[in-house]
Amino acid sequence: MSYLIERLIMVPIVLIALTFHEFSHGLVSTKLGDPTPRLTGRMTLNPLAHLDPVGTILMILTGFGWAKPVQINPRYYKNPKWGMAVTALAGPISNLVLAFAAMLMYTIIVIVNYKTGLFGGSMGAILNFILLFAQVNLSFMVFNLIPIPPLDGSRVLGLFLSTNAYFKLQQFERYSMILIIVLSLFNVFSRIIGTGVSVVLNGIIHICNLILQLVV
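Numbering (my numbering), first residue to last: 204 to 419.
Calculated directly from the structure, the hints in this document are not laboratory data. A few of these clues could be false.
[Claimed, not checked] Below, a list of computed lysine-lysine pairs in the DSS-like style, where the Cα atoms sit at most 27 Å apart:
hint	residue 1	residue 2
1	K284	K271
2	K371	K271
3	K371	K281
4	K234	K271
5	K284	K234
6	K371	K284
7	K271	K281
8	K281	K234
The model shown is predicted, which means the values in this text are computed figures rather than measured ones.
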């Protein structure tokens with residue numbers, strides 16, 4: 204698969220990954236009593252409502268990036284620190300679910316083709332697309348779990364910090380985006396993300412192989 208074709212294929216994958224990620228943030232925050240995502244137009248699966256230009260371009264070029272953060276108001280939560288952590292986790296979990304669903308589809312296609320030969324010569328291209336879809340979603344999940352503000356991992360980390368330490372961490376956010384962009388362009392995150400994706404993907408593949416053995 205040529206580099207140009209792969210980048211073009213990445214576009215719809217990135218749009219789906221980013222959109223479901225941000226929509227999930229908004230959905231959970233809304234369920235916790237916060238009307239802000241709905242009032243700011245983020246309770247939608249329209250990708251245009253969620254795209255951050257720099258983060259989207261980086262996602263297409265490197266496989267990881269970010270979307271426009273969903274505005275939330277933790278004052279609506281019964282437990283603000285817990286609510287922030289749960290809302291933050293919703294995004295990465297949505298990408299994990301998408302990746303698992305993709306690999307389950309991968310397994311089903313392999314089974315169907317084994318039994319019927321339905322997909323024939325096109326099966327390789329289909330499976331490559333599905334695998335790339337899973338890898339991109341897992342890359343986005345792992346990247347966002349890095350505990351640097353404003354990434355989701357910093358909100359989850361806040362659950363284990365004192366209030367004072369948590370707010371000091373969030374104050375770093377004004378400088379951290381520049382740091383994240385620079386580190387992303389120099390592929391500093393690649394090893395961390397690559398390792399995380401490999402571990403999770405291998406776990407998913409193991410589960411799918413068990414399903415495959417039961418059916419075939």
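Consistency of the hints with the structure:
no. : hint        : in the structure
1   : K284 / K271 : holds, 21 Å
2   : K371 / K271 : holds, 22 Å
3   : K371 / K281 : holds, 22 Å
4   : K234 / K271 : holds, 20 Å
5   : K284 / K234 : holds, 16 Å
6   : K371 / K284 : holds, 14 Å
7   : K271 / K281 : holds, 25 Å
8   : K281 / K234 : holds, 12 Å
Going down the numbered hints, you'll see the structure goes against none, and every one checks out.
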